[in-house]
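Put together the whole structure using the sequences plus the hints.
Spelled out from the first residue to the last, the chains are:
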Amino acid sequence: MNVIPTLEGGLSIEPENDADWMVLAAISTDIGRPSHLAESLAGLMGDDSEWEELVVPDLEQNFNVQCRYVQEAVESAREQSLRAIFIKAHNADKWYGALNQARLSLQARYDIHSLDNFEDAPAELRSAHFRDRFYLTLQGVLLEYVMGNS
Amino acid sequence: MPSPTISKKAKSSIHTDVPWSVLVLDDPVNLMSYVTIILKRVFGYSEERATTLMMEIHTSGRAIVWTGAKERAEFYVQQLHGSQLKSTMEKSV
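As you go down the protein sequences, you meet chains A and B in turn. Heads up: the first sequence at position 142 corresponds to 615 in our numbering, and the numbers run straight through without jumps. Heads up: the second sequence at position 59 corresponds to 62 in our numbering, and the numbers run straight through without jumps.
One thing to keep in mind: the hints can contain errors.
As the list claims (entries may be wrong) - Facing chain B, from chain A, some residues (calculated, C-beta under 8 Å):
hint, residue
1, Val528
2, Ser554
3, Ile558
4, Asn573
5, Arg582
6, His586
7, Leu588
8, Gln612
9, Val614
10, Leu616
11, Met620
Said to hold, decoys possible - Computed cross-link-like contacts, BS3-like style, restricted to lysine-lysine with a CA-CA straight-line distance of at most 30 Å:
hint, chain 1, residue 1, chain 2, residue 2
12, B, Lys43, A, Lys561
13, B, Lys73, B, Lys89
14, B, Lys73, B, Lys94
15, A, Lys561, B, Lys89
16, B, Lys43, A, Lys567
17, B, Lys43, B, Lys73
18, B, Lys89, B, Lys43
19, A, Lys567, B, Lys94
20, B, Lys94, B, Lys43
Calculated from the structure, these hints are not laboratory results. Ideal Cβ placement from N, Cα and C applies to all residues, glycine included.
Encoded structure:
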């Protein structure tokens, strides 16, 4: 897979085979239920019932929008057999947010950052580790070439 | 003989709200450069101030990033949660 900054200030993601498309499709499946993150963050506010009622629904909606946007962008590009997925600068936050949700979800599920030796870990854990590294790399490129100037 | 004057002392009381602090907590997922960008966006901090606070979060596990009125603190925590940063607020002592 190639990830290339565009002249317009965005990114072009160019999957080269089925495995590349699968890992892109995994972003939304790794997120799972975006409301988990909103509830987890709300937990940091203690027993604030108003926070649960007033803030959490907005956060859930925001996180859902990010997830759906990336899911539809990947599915649509694959269905149309496009050679690349273009991330325009004004959509970079949605992509970054979805990738971050996926990484937070993987961390919550597998605690991959405390893993010392992933080579001896079960296949499911190793796979989660490599997806996390891929999402992280994509986030780094987004930050360096697209979001850093905003 | 001067005429007597009646002085009235107005009773006044000043009610001071306890300030609240907004805290950001470290986590193993959010990137350092992302945290700096969000602190600049949410609070309007300079690159230097945002980087200093980000480093404090990273090295100490948490940092107070803003202190002031409760309603404003709630607004900021909401913005930070929207950016997926672990944050909370507490009364300043």
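Now for the hints, and whether the structure bears them out:
1. For A/Val528, the interface hint holds, the least distance from its beta-carbon to any beta-carbon of chain B being 5 Å, beneath 8 Å.
2. At a threshold of 8 Å, the smallest CB-CB gap from A/Ser554 to chain B is about 33 Å, leaving the interface hint violated.
3. At a threshold of 8 Å, the smallest CB-CB gap from A/Ile558 to chain B is about 21 Å, leaving the interface hint violated.
4. The restraint placing A/Asn573 at the interface with chain B holds, with a minimum CB-CB distance near 5 Å, inside the 8 Å limit.
5. Taken as an interface hint, A/Arg582 does not check out: its beta carbon lies about 12 Å from the nearest beta carbon of chain B, beyond 8 Å.
6. With 8 Å as the threshold, the beta carbon of A/His586 comes within range of chain B, its nearest partner Cβ sitting at about 4 Å, so the hint holds.
7. This hint is violated: A/Leu588 has a C-beta 11 Å from the nearest C-beta of chain B, more than the 8 Å allowed.
8. Interface hint status for A/Gln612: upheld, as the beta-carbon distance to the closest one in chain B is roughly 6 Å, under 8 Å.
9. For A/Val614, the interface hint is violated, the least distance from its beta-carbon to any beta-carbon of chain B being 12 Å, above 8 Å.
10. Contact between A/Leu616 and chain B, as hinted, is supported at the beta carbon level, the nearest pair being about 5 Å apart and thus within 8 Å.
11. Interface hint at A/Met620: satisfied, since its Cβ lies 6 Å from the closest Cβ of chain B, which is below the 8 Å cut-off.
12. As the CA atoms of B/Lys43 and A/Lys561 are separated by approximately 22 Å, the hinted pair is consistent with the 30 Å bound.
13. Between the alpha carbons of B/Lys73 and B/Lys89 the distance comes to roughly 18 Å, so the proposed pair stays at or under 30 Å and holds.
14. Proximity of B/Lys73 to B/Lys94 is assessed by CA-CA distance (about 9 Å); at most 30 Å being required, the pair is judged to hold.
15. With a CA separation close to 27 Å, the supplied pair A/Lys561 and B/Lys89 stays within the 30 Å bound.
16. In summary, the hint linking B/Lys43 to A/Lys567 is supported, as the alpha carbons are separated by about 18 Å, within the 30 Å threshold.
17. Taking the CA atoms of B/Lys43 and B/Lys73, the gap is about 21 Å. The hint holds against a cut of 30 Å.
18. With a CA separation close to 16 Å, the supplied pair B/Lys89 and B/Lys43 stays within the 30 Å bound.
19. At most 30 Å may separate the alpha-carbon atoms for a hinted pair to count; A/Lys567 and B/Lys94 exceed this at roughly 33 Å.
20. Our distance criterion of 30 Å between C-alpha atoms is met by B/Lys94 and B/Lys43, whose separation comes to about 23 Å.
The structure fails to meet hints 2, 3, 5, 7, 9, 19 from the earlier list, while all remaining hints are met.
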